[in-house]
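Residues per chain are reported as follows:
Number of protein chains: 2
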Amino acid sequence: MAADIDVTLQGGRTTHVLFVDTIRELSSRLSDYGQRVLWVFDVNSARLFTSLPENNVILPSGEKFKSWSSIEKILSAALDAHLGRDSLFIGFGGGVVCDMTAFAASVFMRGCGLVLVPTTLLCMVDASIGGKSAIDFHGGKNLVGTFYPARDVLISPSCLRTLPESEYMSGLGEVIKHAFLSSAHDLYDFLVDNRKDVLSRDRQALSTMLSLSLQVKASYIERDPEERKGIRQALNLGHTFAHALESIEDFRVKHGTAVAWGLSRAMHCGQDAGVTDSALVEAADSLLTMYGYDIARRIERGRWLDFQSAVAKDKKNISGRVRFVLLEDWGRPVLKDLPAQLVQRNVIAPATVR
Amino acid sequence: MAADIDVTLQGGRTTHVLFVDTIRELSSRLSDYGQRVLWVFDVNSARLFTSLPENNVILPSGEKFKSWSSIEKILSAALDAHLGRDSLFIGFGGGVVCDMTAFAASVFMRGCGLVLVPTTLLCMVDASIGGKSAIDFHGGKNLVGTFYPARDVLISPSCLRTLPESEYMSGLGEVIKHAFLSSAHDLYDFLVDNRKDVLSRDRQALSTMLSLSLQVKASYIERDPEERKGIRQALNLGHTFAHALESIEDFRVKHGTAVAWGLSRAMHCGQDAGVTDSALVEAADSLLTMYGYDIARRIERGRWLDFQSAVAKDKKNISGRVRFVLLEDWGRPVLKDLPAQLVQRNVIAPATVR
Numbered sequence: 486m487a488a489d490i491d492v493t494l495q496g497g498r499t500t501h502v503l504f505v506d507t508i509r510e511l512s513s514r515l516s517d518y519g520q521r522v523l524w525v526f527d528v529n530s531a532r533l534f535t536s537l538p539e540n541n542v543i544l545p546s547g548e549k550f551k552s553w554s555s556i557e558k559i560l561s562a563a564l565d566a567h568l569g570r571d572s573l574f575i576g577f578g579g580g581v582v583c584d585m586t587a588f589a590a591s592v593f594m595r596g597c598g599l600v601l602v603p604t605t606l607l608c609m610v611d612a613s614i615g616g617k618s619a620i621d622f623h624g625g626k627n628l629v630g631t632f633y634p635a636r637d638v639l640i641s642p643s644c645l646r647t648l649p650e651s652e653y654m655s656g657l658g659e660v661i662k663h664a665f666l667s668s669a670h671d672l673y674d675f676l677v678d679n680r681k682d683v684l685s686r687d688r689q690a691l692s693t694m695l696s697l698s699l700q701v702k703a704s705y706i707e708r709d710p711e712e713r714k715g716i717r718q719a720l721n722l723g724h725t726f727a728h729a730l731e732s733i734e735d736f737r738v739k740h741g742t743a744v745a746w747g748l749s750r751a752m753h754c755g756q757d758a759g760v761t762d763s764a765l766v767e768a769a770d771s772l773l774t775m776y777g778y779d780i781a782r783r784i785e786r787g788r789w790l791d792f793q794s795a796v797a798k799d800k801k802n803i804s805g806r807v808r809f810v811l812l813e814d815w816g817r818p819v820l821k822d823l824p825a826q827l828v829q830r831n832v833i834a835p836a837t838v839r
Numbered sequence: 486m487a488a489d490i491d492v493t494l495q496g497g498r499t500t501h502v503l504f505v506d507t508i509r510e511l512s513s514r515l516s517d518y519g520q521r522v523l524w525v526f527d528v529n530s531a532r533l534f535t536s537l538p539e540n541n542v543i544l545p546s547g548e549k550f551k552s553w554s555s556i557e558k559i560l561s562a563a564l565d566a567h568l569g570r571d572s573l574f575i576g577f578g579g580g581v582v583c584d585m586t587a588f589a590a591s592v593f594m595r596g597c598g599l600v601l602v603p604t605t606l607l608c609m610v611d612a613s614i615g616g617k618s619a620i621d622f623h624g625g626k627n628l629v630g631t632f633y634p635a636r637d638v639l640i641s642p643s644c645l646r647t648l649p650e651s652e653y654m655s656g657l658g659e660v661i662k663h664a665f666l667s668s669a670h671d672l673y674d675f676l677v678d679n680r681k682d683v684l685s686r687d688r689q690a691l692s693t694m695l696s697l698s699l700q701v702k703a704s705y706i707e708r709d710p711e712e713r714k715g716i717r718q719a720l721n722l723g724h725t726f727a728h729a730l731e732s733i734e735d736f737r738v739k740h741g742t743a744v745a746w747g748l749s750r751a752m753h754c755g756q757d758a759g760v761t762d763s764a765l766v767e768a769a770d771s772l773l774t775m776y777g778y779d780i781a782r783r784i785e786r787g788r789w790l791d792f793q794s795a796v797a798k799d800k801k802n803i804s805g806r807v808r809f810v811l812l813e814d815w816g817r818p819v820l821k822d823l824p825a826q827l828v829q830r831n832v833i834a835p836a837t838v839r
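Chains as they are written, first to last, in this note's numbering: chain H, 486 to 839; chain U, 486 to 839.
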């Protein structure tokens, strides 16, 4: 099993990332948290338990329930269970459950304890680490939230054995993004050398991959916990493209799959802008292709305005400017404005001759 | 005018408390914040402006609107004005407006800028400093919120000239509480020596009193910004009694007035428990009486169970125990459980012989 990782964030708050080998070990760890606990599931993650712990809330599943009304359910359940600031919320599920449990914990009596147990690959490598809590608001993704790192994040690769293939591949998109954000090539090399074990979800391979991926993410968030220095934004590599794609496709594309596509687009735009060299672009395209991502995908010409307006709405726009994350080299991200025409020619299908 | 005060809270975040002399100077300072600003008023504070600044929200006035629906109004207005994380919310009003503006700012895109302009004495000496944001939830006061210190707090004693008498006396209750939380007697001596100027709201007297009072509050919150060490709780001196009184009187008693009564009850309970010496109890009773507070008030015998249950619901109860703030000496608070009978004989009217 991988070694535990500590991630220290704002105000010295530390998240302990603990790897647990089996579901049995996970249960035993969880029971150590005692009685003053509220469990938050969604209908999917609740099914992983044969009998649910006493104080629990089961939320409906899906992005459209990532709203204040779900937060109210969590807070009401905590009050009904007579919990106070000294108690603990345990979020057990994917990104939506973890983001909302974290938000609820951050505002319940101005902050109670928080433990996250991510059950999807995407949540293990992304949402559960770094303290971003959120709900959607007025159609905007994650527009409302807090920075509130979990005390512990319990990661059990065993949870991934039963994850649907499309969910697993979505998570891998974020892992591949991390491979390019590290100046060490170790995660990239590992993914190239262990394709079969990674895709068959071999336990040892998962464990190594999770650990390498989390170390990359941790290195960015520790230097810029509240995303105020332009460092943490690097983790959004590929995301401006991805969010716009998700938006115009009404979220039928999974997030990490959109990120994989967005990563490739960011590389090509970077090359076009004279920022990224061709060897790096080729390394990305080759890894993405090797893992089966559709990097040839383009947006139809007629949807360019929709795409452009989705880009402009992206939360990362500051004072009306949209800044893209590009790569100067392995692990050397830069934030840059890009001319609309440059973006257009890299995401839109070329006009075809009839 | 009093010197400005800096209060440094969690993660090194500093609140600058700026004293401004005239309403004109206040307006000029406020216009320096530029254009990417959302103003939050309630119907009362909005009346202080002849023409309102462009991006504004006007909330209904009163505790019963201290809810998520008001927060949604603020957040929607911010989105309508195309504001982002780099923008600023300015809360202009009493405690309810300031608490809610702070909460909205703390969750808008995971935290935007915050400036508070308290217009009541209670808010100047209490709510605006220390970073506690809040809304009420399921009938419980301030059950949901965050710690999010304002960048600047602009205090203009001129705002207090037109404050209704009952509001002014409510604020003075908290000021008097601060006088006993300081081991230096300076605020106490000032209140004793300047009763007439304080009550007539002489500008120089207000300025000195505000400054002394804020320094006491700052000394507690700087040592325990998130109320986790049992230090900041001292500021709740008198509050467990006050909240229970407010609750059984359906909030017809103003908060600071209830705190003044609660302070006297805490002193007498402390004496009864062998913690507080009689000279200190007399000093409190004498100052409170000098300023016209009804310290002889008692709860009717028939309401004891209601009072007791309101005490038990007080947010400060940890693991089911209610801890009272008592004073061992000037500026030497302790947290203590008190036997129900001891509390009862100090708050309930004695049985009368028919």
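Please note that a few of the clues may not be correct.
For chains that are exact copies, the list does not tell them apart, and a pair is met inside one copy or across any two.
Here are the simulated lysine-lysine pairs, BS3-like style, with alpha carbons at most 27 Å apart [stated by the list, open to error]:
(1) 558 / 798
(2) 626 / 739
(3) 739 / 821
(4) 626 / 558
It is worth saying that the hints were derived from the structure and are not from the lab.
A quick note: this is a predicted structure, and the numbers were derived from the prediction, not measured.
We went through each hint and held it up to the structure:
no.	hint	verdict
1	558 / 798	between (29 Å within a copy, 20 Å between copies)
2	626 / 739	within (14 Å within a copy, 41 Å between copies)
3	739 / 821	within (26 Å within a copy, 54 Å between copies)
4	626 / 558	both (20 Å within a copy, 18 Å between copies)
Of the hints listed earlier, there is not a single one the structure fails to meet.
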